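Novice: Letter by letter, the chains look like this.
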Amino acid sequence: MTIAPPSDQLAAGAFERRRPARPNGRAPGRTPIGYVFVSLYALLALAFGVFPSLYAVVLAFTNADGGFAGAGNFTKVVGDFRFWPAVLHVTLYLVIWLVALVVFVVGLALLVHAVRVRWAGTALRFVYYLPGALAGASSVLLWLFVLDPTASPVSGLLHAFGFDSFVAVIQPGHLPAIFAIIAFWTGAGGWIVIMYGALNNISTEMLEAAQVDGANAVQIALRIQLPLLRKWIAYMGVMSLAAGTQLFVEPQLLSQASNAVVPNDYSLNQLAYQYAFQQNDFNGAAAISLILLVVALLLSWVFVTRGGLFEKE
Amino acid sequence: MNLRGWSGRSLAGVVMILFVFFFAVPIVWLLLSVTKSAKALTVANPFSVGSWHDFVANWNQLFGFQDGAVTTWIGNSAVYAGGALVLTLLVSIPAGYALALTEFKLRRALLVLTLVVMLIPSTALVLPIFLELNSAGLIGSPLSVILPMSFFPFGVYLTYIYFSTSIPRDLLAAARIDGCTEVQVFTRIALPLGAPIVALVAFFSFVQNWNNFFLPFVMLPSSDGYPIQVGLTSLLASTPAFNPSSAGSDSVQLPTLALATVVSVLPVLIVFLFSQRFLVSGMTAGGTKE
Chain Y
1 MTIAPPSDQL AAGAFERRRP ARPNGRAPGR TPIGYVFVSL YALLALAFGV FPSLYAVVLA
61 FTNADGGFAG AGNFTKVVGD FRFWPAVLHV TLYLVIWLVA LVVFVVGLAL LVHAVRVRWA
121 GTALRFVYYL PGALAGASSV LLWLFVLDPT ASPVSGLLHA FGFDSFVAVI QPGHLPAIFA
181 IIAFWTGAGG WIVIMYGALN NISTEMLEAA QVDGANAVQI ALRIQLPLLR KWIAYMGVMS
241 LAAGTQLFVE PQLLSQASNA VVPNDYSLNQ LAYQYAFQQN DFNGAAAISL ILLVVALLLS
301 WVFVTRGGLF EKE
Chain B
314 MNLRGWSGRS LAGVVMILFV FFFAVPIVWL LLSVTKSAKA LTVANPFSVG SWHDFVANWN
374 QLFGFQDGAV TTWIGNSAVY AGGALVLTLL VSIPAGYALA LTEFKLRRAL LVLTLVVMLI
434 PSTALVLPIF LELNSAGLIG SPLSVILPMS FFPFGVYLTY IYFSTSIPRD LLAAARIDGC
494 TEVQVFTRIA LPLGAPIVAL VAFFSFVQNW NNFFLPFVML PSSDGYPIQV GLTSLLASTP
554 AFNPSSAGSD SVQLPTLALA TVVSVLPVLI VFLFSQRFLV SGMTAGGTKE
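Keeping their order, the protein sequence lines are chains Y and B. Those letters in the first sequence? Residues 1 to 313, by our numbering. Those letters in the second sequence? Residues 314 to 603, by our numbering.
Calculated from the structure, these hints are not laboratory results. Since this is a predicted model, take the numbers as computed values, not measurements. There could be a bad hint or two in this list.
Unchecked claim - Heads up, incomplete: computed chain B residues facing chain Y, CB under 10 Å, no partners named: (1) Leu-354; (2) Ser-405; (3) Arg-420; (4) Phe-443; (5) Phe-526; (6) Ala-571.
To be verified - Each pair of labels, with its calculated beta carbon distance range: (7) Thr-91(Y) with Ser-364(B): 45 to 51 Å; (8) Ser-536(B) with Ala-168(Y): 29 to 35 Å; (9) Pro-553(B) with Arg-230(Y): 49 to 55 Å; (10) Ser-320(B) with Ala-168(Y): 36 to 42 Å.
Where is the CB? At the ideal position from N, CA and C, for every residue including glycine.
Chain B with its partners taken away, still in its complex shape (with noise of 0.2 Å):
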């Protein structure tokens, strides 16, 4: 489309800046305020810079909050993040490429059932998930949160898409005729024409699994389990500037709590960065389906 005229361009120009301030201008702002000390960042000009001093310190205040319990949060989110990680995959791609390419009775079944499935929010199902785990005493194990995580029916549903539309049934007929088996035409033939569809699978488990809150808080019920995003929630109650009643030897600070938040996010912001362009083509796996 060619916006015709000079006004509706400029127009246009502006509504698109407006929209870049307002969602990068949090961010910039959250980046700068971990460099400063908690009276800068009431005080001085929103968008300066603070001092490496400064980000020292409210690191340090951040990793010995607690007697370290940050970094035992950043593991447990690395553990249920990658533990759930690597099972989504092996579950839900081989999934996928069944729905799509092969032939069995419940197929039809099991994709209505998945379409279903993906419609319900995820939180929809915590609290039954959490009654059915409690009476098989998963309650506060890794697995209480991995192995829900692991259910991944949009990611079936992308793997699905993909292979339905990305790779013709007679590659498969040709190899199966060269004498490979089942499994063999899955993991020579399928899997690696599948590499944008497993990496994009990958991705947005990994993504949803990090920041996953209402999950693990239902879960874990103790701190030294809870990941990275339920433990905000602690440092926040910890937060005079929020929580009053909080100020005390183990209190915390807004530009220490600002640290929190930007470690908390940076695994995935990491990802994100690296793995934007194949993502945007990623994306839209879907959109090819007319």
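Just chain Y, same shape as in the assembly (with noise of 0.2 Å):
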């Protein structure tokens, strides 16, 4: 509760400033606090959210002069011979991660929620959720040490698939499995959690007169518990989904740690990177961003409106 008295000032003085802006003729006393409160957030989505968004757009339409350029970026990034390999790239990591975050997430929550030692129960989602506490180039880092089979706790296993070096390990074919691994070892645990909780939230009648009618644990898992769930795998299939098409730090480390056996434009953004630092052609880089922006957003449209999403609102 100590955020409390600043928020108060900070309110109060956007109260102020707002005031005059608005000669609306209300009473006063009557003007309508939901203003006040939401102002700073309004001004940070315009500036953080709005702002960039179409700044972006009129970057990825304009060329460094400043001039109209039609589609001219789009058409340069497009034809750019790393283009659709990293194209390919993210396509194949997202692939592989979306179906093993939908399979082994529900799946291990129907589990871990049939679970009736309360304990072990606990337990199984502690454990499951702590990689979550590794993000970023950490988790990248550590998952370094594991593909690397001189130091890896699994090299045992590295060297059974026939993996004797760092190298062999990271070949590029592997890349979107290994990338989709890093991911999944990280975020999964957060979805388990979040799919237990909606789990948890499914009446008991409704499950006892399942069990009453015959249903084994198979058929309710199935036929009750997981349309109850659509939502929520919706939900984390657009999360995941959003993020997924942005990867960047896992390809970057990796090429830094290889040697540049993993090149530093296999990933879409890393493309938009490149021409944004490397080739000082911020509107290339604004055309991919955009690109990027308006895939995201479009597969997340699907998602939502398929999934039954903010149905309320």
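Can you join these two chains into the complex? Each is in its own frame, and there are hints to help.
Specialist: So, in structure tokens, the structure goes:
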């Protein structure tokens, strides 16, 4: 609660600033307080949500001198020899990761939910959840160790699969799977906890009624629990898909750690970064960013409408 | 759900245990490896415990790296994640409350905007935000990461869901009749009842910002301004095991790199361990929407 007083002051400050701007003839004292409370958020949303998106649009359709470029930037980046391989890499990674996420997260949530021993269920969820503390560069570094047969805790396993060196492990063909494993390891636990919570919200009467009617565990899972999880699975799909298209830190670090066995333009976001900071072509970078943004939004929109997300509002 | 039958139950158990190993083995190994010398790391049993002596040596090497750069990076991370945390709470909690429990004309528009921006991955906006802040002359300043991090639509959405499902409007109306001003209604009634969601938003904001890589990587060109997550790349670049060309005076051994990984996640790990209980209930706050 220590945040309350400053929040008051800020809100009051915003209130004073805003009042003259809205001479809409309301009686004093009836000023909608909602505007005051959302003012700072609206400001940030404009500065770091709306404006950058619009700015990206402008940049993508102009050239370095600020003149209108039409589709020029898009044909340039799409025609880049690095573009389609990057699309393929990210797509493969997304397919593997999303399938793994849906199958294993939902499966594990159902299993953990079925554990009757209370401490065991809690402990399982905790262990699954723990890697979530390691994200970004830290989790990639950890997996560099795990994938390096000289130091790996599972070097026996790696050798058994015929991988005798780090370079053999990170061959380009393996990368989509490797990135999917890293992302799954880091992120799955949080989703398992969310699915578990959603399963807890299913009324016990309904499950008991199904049992009385003779449904077995598998039938209950398939016919009752899964359909009721639909919304949450869609939610997980949207968030993961949107995030996955932005693949950056994993290939970036792997490229650095492998003496460029993994190229530094492996993913689309890396390519955008190369355009912006190696070629000083911000218009090209904006074009790639915009493509990524539109694809993420389109795919999310499909998930949202098909999955019945946000039905209430 | 009850798993009938002995074989079904043991199969389920095996699957769950396999995943325990999958999730836990890397972490356990990492924690053990910081106690080993570089040689022991590759030769000794992966799950053996090293020695205090080697741990101290790794520690000294890590914090001696580039004259104490690691300390600077951790300090930077604390400033960025802490600053963004405070701002996020000041901004998101009142906004979520207003969206849930007050009426104003642009309410619906702002809610839709929140949902849409929530679906935009934060990394997609990094380059446009870079260009924006570049023209504002903020690149390299702490504000260039703190301000974008403070915009946290997911936190607003969580707060919105929580307040719209768990606080009856009658309660607020009663407080108004008793003479509370709108601000008092928020600080005296809603905020105390909203303590769990404040903690949850704080947790998500902190974890996300501490672990953020791409934003600071782009916004902060100088090593002095790196947070630890970006600093890790400098350490990685100086590790001969992954980067043979880097063998030199300031090179980093594998156990030291492992220690750096542990140190970089320690604050988040501690927050995780302490907040585990309320998190499990809190993370599903959205689930009570039905």
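Novice: Holds or violated: the hint that Arg-420(B) contacts chain Y, with Cβ atoms closer than 10 Å.
Specialist: holds, 6 Å
Novice: Given the hint of 45 to 51 Å, is the C-beta distance from Thr-91(Y) to Ser-364(B) inside that range or not?
Specialist: 47 Å Cβ-Cβ, so the 45 to 51 Å window holds.
Novice: Holds or violated: Phe-526(B) as interface residue toward chain Y, Cβ cutoff 10 Å?
Specialist: holds, 4 Å
Novice: At a threshold of 10 Å, is the proposed contact between Leu-354(B) and chain Y supported by beta-carbon distances?
Specialist: Check passed: Cβ of Leu-354(B) comes within 5 Å of chain Y, closer than 10 Å.
Novice: Holds or violated: Ser-405(B) as interface residue toward chain Y, Cβ cutoff 10 Å?
Specialist: The hint holds - Ser-405(B) has a Cβ within 10 Å of chain Y, the shortest such distance being about 6 Å.
Novice: Taking the CB of Pro-553(B) and the CB of Arg-230(Y), does the distance hold inside 49 to 55 Å?
Specialist: holds, 51 Å
Novice: So does Ser-536(B) sit 29 to 35 Å from Ala-168(Y), Cβ to Cβ?
Specialist: Roughly 33 Å apart at Cβ, these two residues keep to the hinted range, so it holds.
Novice: I want to verify a distance hint. Is the separation of the beta carbons of Ser-320(B) and Ala-168(Y) within 36 to 42 Å?
Specialist: 38 Å Cβ-Cβ, so the 36 to 42 Å window holds.
Novice: Min Cβ distance, Phe-443(B) to chain Y: is it shorter than 10 Å?
Specialist: holds, 7 Å
Novice: Tell me if the interface restraint on Ala-571(B) is satisfied: Cβ within less than 10 Å of some Cβ in chain Y.
Specialist: holds, 7 Å
Violated hints: none; the structure is consistent with every hint.
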